[in-house]
Amino acid sequence: MWDYTDKVRDHFLHPRNVGDLENPDGMAEVGSMACGDALRFTFKLDETGRIGDARFKTFGCASAIASASALTEMVKGLTVEEAEKITNRDIAAYLGGLPDAKMHCSVMGRQALEAAIANYRGAPAETAALVCECFNVTGREIEQAVSENNLTTVEEVTNFTKAGGGCGTCHEIIRGIIDRVRSENEVTE
Amino acid sequence: MWDYTDKVRDHFLHPRNVGDLENPDGMAEVGSMACGDALRFTFKLDETGRIGDARFKTFGCASAIASASALTEMVKGLTVEEAEKITNRDIAAYLGGLPDAKMHCSVMGRQALEAAIANYRGAPAETAALVCECFNVTGREIEQAVSENNLTTVEEVTNFTKAGGGCGTCHEIIRGIIDRVRSENEVTE
Amino acid sequence: MNVVYLDNNATTRIAPEVLDAMMPYLTGDYGNPSSMHSFGGRVAPVVEEARGHAARLIGASPDEIIFTSCGTESDNTAIRSALAVNPDKRHIVTSRVEHPAVRELCLFLARNDYRVTEVPVDSKGRLDMDAYRESLTDDTALVTLMWANNETGVIFPVEEAAGIARERGIPVHTDAVQAVGKVPMDADSSGVDMLSLSGHKLHAPKGIGVLYVRKGTRFAPFLIGGHQESERRAGTENVPYIAGLGKACELALEHLPDMNGRVRRLRDKLEQEITARIPHVKINGDTENRLPNTANISFEYVEGESILLMMNEYGICASSGSACTSGSLQPSHVMLAMGVPFTMAHGSIRFSLSIYSEEAEIDFVVDKLVDIITTLRAMSPFWNNDSRPAAGR
Amino acid sequence: MNVVYLDNNATTRIAPEVLDAMMPYLTGDYGNPSSMHSFGGRVAPVVEEARGHAARLIGASPDEIIFTSCGTESDNTAIRSALAVNPDKRHIVTSRVEHPAVRELCLFLARNDYRVTEVPVDSKGRLDMDAYRESLTDDTALVTLMWANNETGVIFPVEEAAGIARERGIPVHTDAVQAVGKVPMDADSSGVDMLSLSGHKLHAPKGIGVLYVRKGTRFAPFLIGGHQESERRAGTENVPYIAGLGKACELALEHLPDMNGRVRRLRDKLEQEITARIPHVKINGDTENRLPNTANISFEYVEGESILLMMNEYGICASSGSACTSGSLQPSHVMLAMGVPFTMAHGSIRFSLSIYSEEAEIDFVVDKLVDIITTLRAMSPFWNNDSRPAAGR
Ligand SMILES: Cc1ncc(COP(=O)(O)O)c(C=O)c1O
Ligand SMILES: Cc1ncc(COP(=O)(O)O)c(C=O)c1O
Ligand code: FES
Ligand code: FES
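Protein chains in written order, with my numbering: chain A, 1 to 189; chain B, 1 to 189; chain C, 1 to 393; chain D, 1 to 393.
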C-alpha cells in the first residue's frame with residue numbers, strides 16, 4: 001500500500017465503472033484465476049462514434065483493480081482509433097506510476113482493451129479466460145462441452161476437454177461452470 | 001573478577017607476606033615470564049622447627065597472586081612434614097575455590113612449596129625459572145655463564161648457552177641479567 | 001486510527017515487561033560481558049539468567065541453548081551443522097510446507113550436491129507419515145520438519161517423526177519458531193536434536209533467536225570467530241535482546257494457559273462468525289491439530305492483497321500467506337502443497353492472534369470483512385451479483 | 001562508584017540519540033516491514049533511511065549496504081561469499097593480526113581444503129607490503145585485511161593493498177569494524193569490494209552490523225531464507241537496531257572532527273603522562289598511523305589481568321588484548337605477531353577512548369596507574385624494590 005500512489009489508492013478504494021455493459025460494442029476477458037488476476041472489459045460507443053461508456057470487473061490485487069478502473073476512465077470520449085493508442089505505460093502514468101512488480105497489471109489492462117477493440121471489429125468475443133492452466137482450456141470451451149454434451153461431473157469434463165486432468169486446482173471452477181450451465185439449461189428447458 | 005570468590009579478591013588486593021626472606025631455610029622459583037606466571041617462594045623455620053615465616057613474589061594474574069598469598073598463610077605454624085601434605089586443591093579450597101581456567105595457579109603454588117622443601121632438605125635452590133623457553137634455559141644458568149665468562153651482550157649469551165637463539169622474546173630478560181650480574185661484579189671488584 | 005493487530009505470526013509487539021528487562025542494557029549497563037572489568041562482567045549473569053528462562057520454556061537445560069540473531073540463523077545453523085558433522089551423507093528430508101528459512105536453504109543445497117526429499121502434506125496440511133517413513137535412507141544426514149506451520153498453524157507430529165528417525169540414527173531438527181510459546185513443549189523428551197525459535201514471535205524483538213542443541217549432539221558452528229556462546233556462536237552478545245528474550249520466555253510460559261484457553265476461543269469465534277456470515281469461505285488446515293492463535297481462511301473468488309488492503313483501511317492487520325510471500329502473484333507454496341484450488345488459494349488470509357487480542361477486535365474484524373468481501377466480489381468477474389460464483393465466464 | 005570507561009574498542013555506550021531513534025520501534029511501531037498492511041509497511045522507509053546514513057558514513061551508495069546481525073556475521077559473509085562465487089580458487093590472503101571473526105574462519109578454512117597466507121607485520125604492527133605482494137597468486141580467491149587493528153589501532157594501507165589485488169583481479173574484503181567512525185573513509189574510491197562494520201563500536205547496540213558490497217560484485221548470501229535485504233540476507237529485519245545504527249552513523253560522521261581532534265589529544269596525553277611517570281613502559285604499534293582513540297601500552301614485569309583488576313577497583317575499564325582473548329594465559333596473537341617480548345606482552349593494556357571521554361578521566365587514570373604498577377611490581381619476582389628489573393632471578 002505504502003508504495004502505491006494516492007491515485008492508485010483512490011481507484012482501488014473507489015473504483016469507477018464497475019460492472020458489465022449489456023450488449024457491449026466490444027468486450028474481452030483476459031487473465032485467469034490461476035494467474036492471480038483476471039479482467040473483463042466492455043465498452044459501448046455513443047451516437048458520435050466515440051466510446052460513451054466502459055465497464056470492468058477485476059479479480060486481482062489493488063493495482064489490478066486500479067488499472068482497470070483507470071482504463072475505463074481513460075477511454076471514455078475517445079474514438080476507437082484514439083483508444084487503440086493507449087499503452088500500458090499510459091495507464092501506469094495515469095495512476096501516477098505503479099511499483100515495478102505490479103506493472104503487469106497495466107499490461108493486463110492494455111491487453112483487454114486490445115482484445116475488446118478486436119471484438120468490436122468482428123473478432124469473436126475473447127472470453128478466453130483460462131480455467132485449466134495445465135491444459136490451456138478456457139471457460140468458453142468448457143461451457144460449450146458441458147452444454148452440448150450435457151455433462152454433469154468434473155470427470156466427464158476432463159474426459160471431453162482434458163481440463164482438470166492435471167494438478168486439479170481448476171476443479172472448483174469447472175464445478176461452478178457445470179452448475180451454471182445446468183441451471184441456465186433448466187431455465188430454458 | 002566476577003567469578004573470583006571474595007577470598008581470592010581479598011588475597012589479590014591485600015596480599016599477605018609479599019617479599020623475600022633473607023637466608024631462607026627453603027626457597028624455590030617456578031614458572032616463567034613466558035608462561036605468563038612465575039612465583040618465588042621462601043620460608044624459614046622457627047626455634048620449634050615449625051615454619052615461622054614464609055614470603056612470596058608473584059608475576060601473574062589475580063589468582064596467581066592470591067594462591068601464593070594463601071600458600072604463605074597456610075604453611076605458617078606447620079612442620080615441614082605437615083606442610084608437605086598441602087595439595088593444590090587445598091590451596092584452592094582455602095580461597096573458596098578457583099575458576100576452572102585458573103586452577104593452574106594453585107598448582108604453581110604447590111610446585112613452589114614442593115621445590116622449596118626439597119631445597120630445605122638439601123637440593124640446590126630451584127631458581128630454575130625458565131628465561132628462554134625456546135631452549136629451556138634457566139636464569140641461573142645464564143647468570144653463571146655471564147658471571148664466569150664476563151659476557152656483556154645477548155649475542156654472547158646465546159653463543160654460550162643457546163638462550164635467546166629462538167623467537168627472541170627472552171632478549172630483554174637476558175639483558176636484565178647481564179646488567180645485574182655486571183653491577184654486582186662491579187661492587188665486589 | 002486504532003490498529004487491530006491480527007498478524008502475530010508475522011511479528012509481535014514487544015511486551016512492556018520485555019522492554020523493561022532490556023532497558024538497563026540499552027542505557028547505562030552497556031558493558032561487554034566478555035570484559036575483564038566488572039562493568040562488563042556484571043552483565044554476564046544477565047545472559048545466563050535469560051538462557052535459563054529460554055531453557056525452561058522449551059524443556060531444555062541452559063547449556064543446550066545457543067543465542068542467535070534470528071530464527072533464520074537458527075535454522076541455517078542447524079541444517080549446516082548437521083551436514084558439516086556428517087560430510088559423507090548427502091540426503092536431507094524435509095516437508096513441502098517449511099518456512100523459507102529452511103526451504104530456501106534446502107533448495108539451495110539441492111542445487112549443490114545434496115538430494116532433498118520434500119515430504120508431501122494432504123489437503124489439510126498434515127504430513128504424509130508413510131511418505132516420510134519411506135523417505136529415510138542410509139544416506140540421510142538430517143530430518144528437518146517444522147513443529148507448526150506459520151501460515152496455517154497446523155502442527156506436525158514432530159515427536160513421532162523424530163522417534164522414527166532416531167531409530168535409524170538420523171539427527172532431527174525442528175523449526176519451532178511458530179510453536180514455541182503457543183503450545184507446551186518439552187525438547188528433552190521430544191526426541192529432536194536441534195530446535196529453532198525466534199524472539200519476535202513471542203513478544204521479544206526482531207533480531208534474536210535461539211538454537212537448542214541437545215547435549216551430546218555433534219555441532220559445527222555457523223558463525224566463526226570469538227569464543228562467545230561456549231564457542232558455538234561467535235559475535236559480541238546482544239545483551240539487551242538476550243535479556244528481553246529471557247523475559248519473553250518467562251512470560252510465554254506464564255501465558256500458555258491464556259493462549260490455549262481464551263485466545264483459542266477468540267480464534268474459534270472469528271472462524272465461526274466468518275463462516276456463518278460470509279458464503280463461500282473455507283478454513284484451511286487441520287482444525288484438529290492447530291496452533292490456538294492461527295486462522296487461515298479462504299474467501300473464494302477474490303484476491304488476497306485486495307482484502308488485506310481494504311482491511312488496512314480499517315486498521316486491521318493480517319496477512320496473505322506469510323509476510324515473505326505477500327506481494328508475489330503466486331499463491332504460497334503452503335497453499336499449493338495442500339492442493340488448495342487457485343480460486344481459494346489467492347484469496348486466503350491468515351489471522352493470527354496474541355494474548356493481547358480482545359473480543360471486541362474480533363467482532364470488529366468480522367463486521368468489516370462482511371462488507372469487504374461483498375465489495376470485492378461485486379467487482380469480480382468470477383462472481384455474479386446474486387451471490388453466486390460466475391466461474392468460467 | 002564512577003565508571004571511567006576506556007574500553008570503547010570492546011564496545012561502546014549507546015548514544016542517547018540512538019536510543020531515541022530506536023524507541024518507536026521497540027514500543028508502538030513493532031510492525032514487520034515486509035507486511036502488506038501499512039502498520040508494518042510504514043517502517044520500511046525507516047530501514048531505508050538508516051541505509052542511507054550508513055552509506056554516507058562509509059562513502060557508499062545505499063543499495064551497497066546489507067544489514068547483518070554483527071561484525072562477525074559481516075566478516076563471515078564476505079569471506080564465504082568470495083569463496084562461493086569463485087569455487088575453483090583455493091587460496092586466501094590475510095594478515096597475522098586479524099580479529100578472530102576473520103582469523104578463526106581463515107584457520108578453519110585452512111583445515112578444510114583452503115590454503116591461507118597470513119602476511120606478517122613488523123614490530124610496530126605494520127603490514128609487510130613486500131610479503132603481501134608476493135603472497136598473491138593466480139589461485140587467490142580473496143584478500144581480507146583489516147582497516148585498523150582492534151588491539152593497537154594500527155591502520156593498514158588497505159587502499160594500496162586493494163589496488164594491488166585489483167590489478168590481478170582478486171576481490172578484496174576489509175574488516176573496518178574498528179575504523180568506521182574513527183577515521184574518514186570512502187568505500188567507493190577505496191578499491192575494496194566488501195567492507196564490514198559493527199554497530200556497537202560506534203554507539204549503536206551490540207547485535208547489528210553492515211556488510212558493504214560494491215555494486216557489481218558477485219555475491220552469495222550467507223543466511224538463506226526470506227527475501228529481506230534484496231535477497232542478500234534473510235531474516236526478519238531488526239528494525240529498532242537498524243534505526244539505531246542509522247542514527248549512530250549520522251552522529252559518527254558529525255563527530256569525526258572531535259574524534260580526530262580532542263579525543264586524539266586526550267589519547268596522546270594519556271600516553272605521554274604514563275610514559276613520563278612510570279618507568280619501563282612502551283607504546284605498542286605504529287604511532288604514525290593509528291586510530292585516534294587507541295593506546296596500547298605495555299607495563300613491563302607485571303601481568304595484564306592483575307592491572308585490569310586493580311584498575312577495576314577504581315572503576316576504570318580497559319582491556320588486555322581484545323576482550324575475546326582476555327583471560328587466556330597466552331599473550332594475544334597480535335602481540336605475538338609483532339614480536340613483543342613476553343616481558344611486555346603479558347602486561348599490555350589497551351585503553352580506547354570515545355567522544356564521551358573527558359580530560360579529568362585521563363588524569364584520574366594516570367594517577368591510579370602509577371600506584372597500581374608500583375604495587376604490582378613490588379610483588380613481582382622480576383622486579384627489584386629499587387625500581388629495577390630483577391630479570392632472571
Ligand atoms: C576488528 C573487529 N572485527 C570484528 C569484530 C566483531 O564484531 P561483532 O562483535 O559485532 O561480531 C570486532 C569486535 O568485536 C572487531 O574489533
Ligand atoms: C516457521 C518460521 N521459521 C522461521 C522464521 C524466521 O524467523 P526470523 O524472522 O526470526 O528469521 C519464521 C518467521 O519469520 C517462521 O515463521
Ligand atoms: S489447472 Fe486444471 S488441472 Fe491444473
Ligand atoms: S624464549 Fe628465548 S629465544 Fe625464544
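Hints are computed from structural coordinates only; laboratory data are not their basis. Be aware that a few hints might be false.
Label pairs and their in silico Cβ distance ranges [to be verified]:
hint	chain 1	residue 1	chain 2	residue 2	range
1	B	D3	C	G216	20 to 28 Å
2	D	H227	C	D20	29 to 37 Å
3	C	D88	B	E73	54 to 62 Å
4	C	A131	A	G166	14 to 22 Å
5	D	R90	C	A220	52 to 60 Å
6	C	D371	D	L253	45 to 53 Å
7	A	T5	C	N2	23 to 31 Å
8	D	L253	B	G166	42 to 50 Å
9	A	R121	C	N112	49 to 57 Å
10	C	R168	D	E17	28 to 36 Å
11	B	N136	D	L253	39 to 47 Å
12	A	G166	C	G216	43 to 51 Å
13	C	T137	D	L107	31 to 39 Å
Below are the DSS-like pairs computed for lysine-lysine, each with C-alpha atoms no more than 27 Å apart in a straight line [stated by the list, open to error]:
hint	chain 1	residue 1	chain 2	residue 2
14	C	K269	C	K368
15	D	K368	B	K7
16	C	K89	C	K215
17	A	K7	C	K368
18	D	K215	D	K368
19	D	K215	D	K282
20	B	K7	B	K76
21	D	K282	C	K89
22	C	K282	C	K124
Residues from chain C shown here face chain D by an in silico Cβ test under 7 Å; the list is partial [stated by the list, open to error]:
hint	residue
23	T11
24	N32
25	E73
26	P100
27	A101
28	A110
29	Y114
30	G207
31	A234
32	Y314
Where a beta carbon is used, it is the ideal one built from N, C-alpha and C, also for glycine.
Okay, the hints, checked on the actual structure:
For B/D3 and C/G216, the Cβ-Cβ distance of about 26 Å falls inside the hinted range of 20 to 28 Å, so the restraint holds. One distance hint, 29 to 37 Å for the beta-carbon pair D/H227 and C/D20, holds here, with the actual separation near 33 Å. For C/D88 paired with B/E73, a C-beta distance near 58 Å keeps the hint of 54 to 62 Å intact. Checking the proposed 14 to 22 Å range against C/A131 and A/G166 shows it holds: the Cβ atoms sit about 21 Å from each other.
Checked against the given bound of 52 to 60 Å, the beta carbons of D/R90 and C/A220, roughly 20 Å apart, lie outside it. With their beta carbons about 50 Å apart, C/D371 and D/L253 fall inside the hinted range of 45 to 53 Å. The hinted window of 23 to 31 Å between A/T5 and C/N2 holds, with their beta carbons roughly 26 Å apart. For D/L253 and B/G166, the Cβ-Cβ distance of about 48 Å falls inside the hinted range of 42 to 50 Å, so the restraint holds.
Remark: the range hint 49 to 57 Å for A/R121 to C/N112 is upheld by a beta-carbon distance near 54 Å. In this structure the supplied range 28 to 36 Å is violated for C/R168 paired with D/E17, their Cβ-Cβ distance being about 57 Å. B/N136 and D/L253 have their C-beta atoms about 55 Å apart, which leaves the hinted 39 to 47 Å range violated. For A/G166 and C/G216, the Cβ-Cβ distance of about 48 Å falls inside the hinted range of 43 to 51 Å, so the restraint holds.
Range check, C/T137 to D/L107: Cβ separation about 35 Å, and the 31 to 39 Å hint holds. A hinted pair counts as satisfied when its Cα atoms are at most 27 Å apart, and C/K269 with C/K368 qualifies at roughly 15 Å. Restraint check for D/K368 and B/K7: the C-alpha separation of about 23 Å stays at or below 27 Å, so the hint holds. Straight-line distance between C-alpha atoms of C/K89 and C/K215 comes to about 22 Å, which keeps the hinted pair within the 27 Å bound.
Distance check on the hinted pair: A/K7 and C/K368 sit about 23 Å apart at the alpha-carbon level, within 27 Å; holds. This hinted pair does not check out: D/K215 and D/K368 have alpha carbons roughly 51 Å apart, beyond 27 Å. About 44 Å separates the Cα atoms of D/K215 and D/K282, which puts this hinted pair outside 27 Å; it is violated. Restraint check: the Cα-Cα separation between B/K7 and B/K76 comes to about 18 Å, which is no more than 27 Å; the hinted pair holds.
Of the supplied pair hints, the one linking D/K282 and C/K89 is violated, its CA atoms being roughly 54 Å apart against a limit of 27 Å. In summary, the hint linking C/K282 to C/K124 is supported, as the alpha carbons are separated by about 11 Å, within the 27 Å threshold. The beta carbon of C/T11 is positioned within 7 Å of a beta carbon in chain D (closest approach about 4 Å), and the interface hint is therefore held. This hint holds: C/N32 has a C-beta 4 Å from the nearest C-beta of chain D, less than the 7 Å allowed.
Of the supplied interface hints, the one on C/E73 holds, with its beta-carbon coming within about 6 Å of a beta-carbon of chain D, less than 7 Å. Taking 7 Å as the C-beta contact cut-off toward chain D, the hint placing C/P100 at the interface holds, the least distance being around 5 Å. Checking C/A101 against chain D by beta carbon gives a least distance of about 4 Å; that is within 7 Å, so the hint holds. Nearest Cβ of chain D to the Cβ of C/A110: about 12 Å, over the 7 Å cut. The hint is violated.
For C/Y114, the interface hint is violated, the least distance from its beta-carbon to any beta-carbon of chain D being 13 Å, above 7 Å. For C/G207, the suggested interface contact is upheld, since its CB lies about 3 Å from the closest CB of chain D, less than 7 Å. For the restraint placing C/A234 at the interface with chain D, the shortest Cβ-Cβ distance is roughly 5 Å, inside the 7 Å limit, so the hint holds. This hint is violated: C/Y314 has a C-beta 10 Å from the nearest C-beta of chain D, more than the 7 Å allowed.
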